[in-house]
Amino acid sequence: MSESHAKLGFLRSYVFSTDHKVIGIQYGITALLFLFFGLCLMMMMRWQLAYPGEAIPIIGGLLGETLVDDGAMLPSFYNSLGAMHGTIMVFMGIVPLAVGAFGNYIVPLQIGAPDMAFPRLNMASYQAFVIGGLVMLSSFFLPGGAASSGWTSYAPLSVTATTGQTFWLIGMIFLIASSLLGAINFIVTIIHLRAEGLTFFRLPFFIWSQLVTAFLLLLAFPPLQVAAIFQLMDRLADTSFFMPTGLVSGGDPVAAVGGGSPLLWQHLFWFLAHPEVYVLILPGMGIVAEVIANNSRKPLWGYRPMVYSLLFLGFMSFCVWAHHMYMTGMGTTMSTFFQITTMIISIPSVIILTCLVISLWGASIRFPVPMLFALAFLPMFGIGGLTGLPLGLAAPDAHFHDTYYVIGHFHYVVAPGTIFAMFAGIYHWYPKVTGRQMNVPLGKLHFWLSFVFMNGIFMPMMFEGMAGVSRRLFDPTVYEIGAAVHGLTTMSSWSAWLLALSQIPFIINFFMSMRKKERAEENPWQATTLEWATSTPPPHGNFVEPPVVYSGPYEYSVPGASSDFSPQFIKQES
Amino acid sequence: MSETVAISESEAARVRSHLRVYVMVFVALAVLTIITVAISYLRLPTPLAITLAMVVATVKASLVAGYFMHLLSEEKVILWLLVLCAAFLVFLFALPFWTETGNGPLWVG
Amino acid sequence: MSEIVIPYRTEPHPLTGVTSGKLGIWLFLASEVMLFGALFSSYVLLRVGAAEGTWPTGVEAGLNVPIGTFNTLVLITSSITMVMSWASLKMGNPGAFKRYMGATIALGMLFLVVKGFEYSGKFHHGIFPATGWPGASDPSTFYGFYFTITGLHALHVFLGILVNIWLLVWGLALYKTEPERFAGRIEISGLYWHFVDLVWIFLFPLLYLL
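Same order as they appear, the protein sequences are chains A, B and C.
Going by numbering that gives the first Met the number 0, the first sequence opens with residue 0, and the numbers climb by one from there.
Going by numbering that gives the first Met the number 0, the second sequence opens with residue 0, and the numbers climb by one from there.
Going by numbering that gives the first Met the number 0, the third sequence opens with residue 0, and the numbers climb by one from there.
Take these hints with a grain of salt, some might be off.
[Unchecked claim] Here are the computed distance ranges between Cβ atoms for each label pair: (1) Phe140(A) with Gly61(C): 36 to 44 Å; (2) Ala172(C) with Pro545(A): 27 to 35 Å; (3) Val76(B) with Gly61(C): 39 to 47 Å; (4) Ser119(C) with Pro545(A): 55 to 63 Å; (5) Met23(B) with Phe69(C): 17 to 25 Å; (6) Val547(A) with Lys175(C): 55 to 63 Å; (7) Arg518(A) with Pro6(C): 29 to 37 Å.
Derived from the structure by calculation, the hints contain no laboratory data.
Beta carbons: idealized from backbone N, C-alpha and C, even for Gly.
Please work from the sequences and hints to get the whole structure.
This is the structure:
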């Protein structure tokens, strides 16, 4: 098999590859670059928030006059930064990393498959992602700037916005197509290409989380695809899907016939965007489950309830979306309906989190760097999830909607939540991909600094929100409330910049560890799942012999076994 | 790897036995099309017109799905996938509709 | 690239009973159901929310029912020819396959030509997506909807035609070496094609007759 691989040139091996491992790495590098870019956008925003009206250091002098006034950020630029930070982090950062990178690399290995079910479709997904990402980034160079109507692109503001919004819509169409094709691949792969003996309830929890995530992407994205097309038509062909009659903008009547509904955009958008938040968290939960089981040397507690919770969560995520719309004037009946479904959907996440916590009880816990991130995920996701409850109920949401409380809530889930899970995954699977271990002291430094500063950014936001500071404000200090809590804003900003600096040990570690002479062992974590049954890095086709599975995924500390782990691909003598 | 899997005789016979059904479905579809157009010329009150049109369309769609797309003899996994889809479609139709027309205004200006 | 053998390309999986390709296309169709479902759901919302007298029937909006009916029959016929092209392959008759597939492609093209004819007729009368109906005060975006949804459907027809042309001209080589696998590909393309027909079955009455 390696013979045919050697015949391929550089382009076919590394650029236009259909090998899931290469594609996974491509997704990973691209997503990490986009994440870093999104971080930079946010760091600029934090300057304006902490020091409103002051010239941005260094960068202020480099930006053009459509963006800054004498180095100080213009409101339109702030709005673009906000909209693009959200869009890039969600659609170009987290999902491609969690699903495209980790999913692509690990899933075929963990199920004992030679590759994904449709390797060429996999390559096409990656290419669509890159095109969508480039379209999004290129919008920054437009005269009117990038999209600036929030990552939620509500009509009619978005319909009347500058050309950057058109690029956003076109970029989204490519990104959505990429996810749809990828989802098909994941589902068929997981159902059809499992190794012999790998029944559904012997699958690692990570695979279940990727399976449910794929269904969410497959079935929830199309309505947003429709909405994006409608909005493009409204912008380019002057239709009125989302434009109400009689709209006036800046004193002039808007050039649209009217008869449309801005709320239609919201329904179509949130129909996707609610399942999307579960897309953001589920792969992370999967990674955390793998790392916790492995480093507690004990099976996951409540594996089956966790799996059923995943399935139930996935289904429920399709009927809760209007909890993002409580303030749009819906009547009490529908408000009640969505509050009920939203409260119900909190149950499976709590079950999953609780099972992960209970899994630690009576365990022989080890604390390598991946475990630090996985353990920190638990309380951080806990805070994120719990702060979602008052948002999910309409009465307190009246106070919290569109405040910093919301920003604090969702960032807790995604930032010290999902991103920590991503770090856990990187540190955990690094030896599998590169054959080397990452440096431990640098890893611990990265962890502790990140943990402190993540909380430093987002905890103040919870209080700012409770005080009543609105989100998306260019200068919160123009309002008394914003001025009164400006100290919190500044604390968030400094924490953000220090968080960015805290990534330096990680970046150094990531690149330098690849060049170490000392190779890691084949199964350095003494893990039980199939990805450790093959060499590092895995050969083309993954397994020399198709593996056979004999037991569950977390057979750690089996009584009577000769070691504290019994890999599922090795037949144990009883 | 090329596996030279030839079409088996039993497969061929099975398909041949279905040809009549396919043609009958085609005729039914054409007839139903004429019927639904004819009904529209009756200028029935709107709610009735919509109901009838959708019923006929659903029958036609079921014929295409059941026979041309082989759903009547298809594996359970495919059918369950479509049931899941149908559930989500119900959410997509009903929830925005009730939200916007129930006790809340639909903002049309 | 690979000598990697991905199983279940031609033989069905023991658990699901279908090949990977068939499972894959049904998953894709499920997402298409959600896509067109969103389109129809939006139609319902906009039409129900439209002010009294501002949402036309198809006839009021100037849609030609006989032409629409003809196009519906064209698409239905293309569906039966598609089935027959697949059946011909399964019965070991590649010659008949070519004729039926050719007919399917031609009928698909005819559908698009008629559609183009309808569109240009609208443009001729000064009716564009941006045009409101009834045009005076308080118009609705019926035409915006009409052009967008039929346009999207036509795009799907067009892409289906491209796939069918590829299968007829270049894909047929596979029939000589792996007839079952090629028949599977035709079945998969057929599933997509029937779905596009199915959408039109709902679209035609919704836009033209109601």
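Failing hints, ascending?
-> 6
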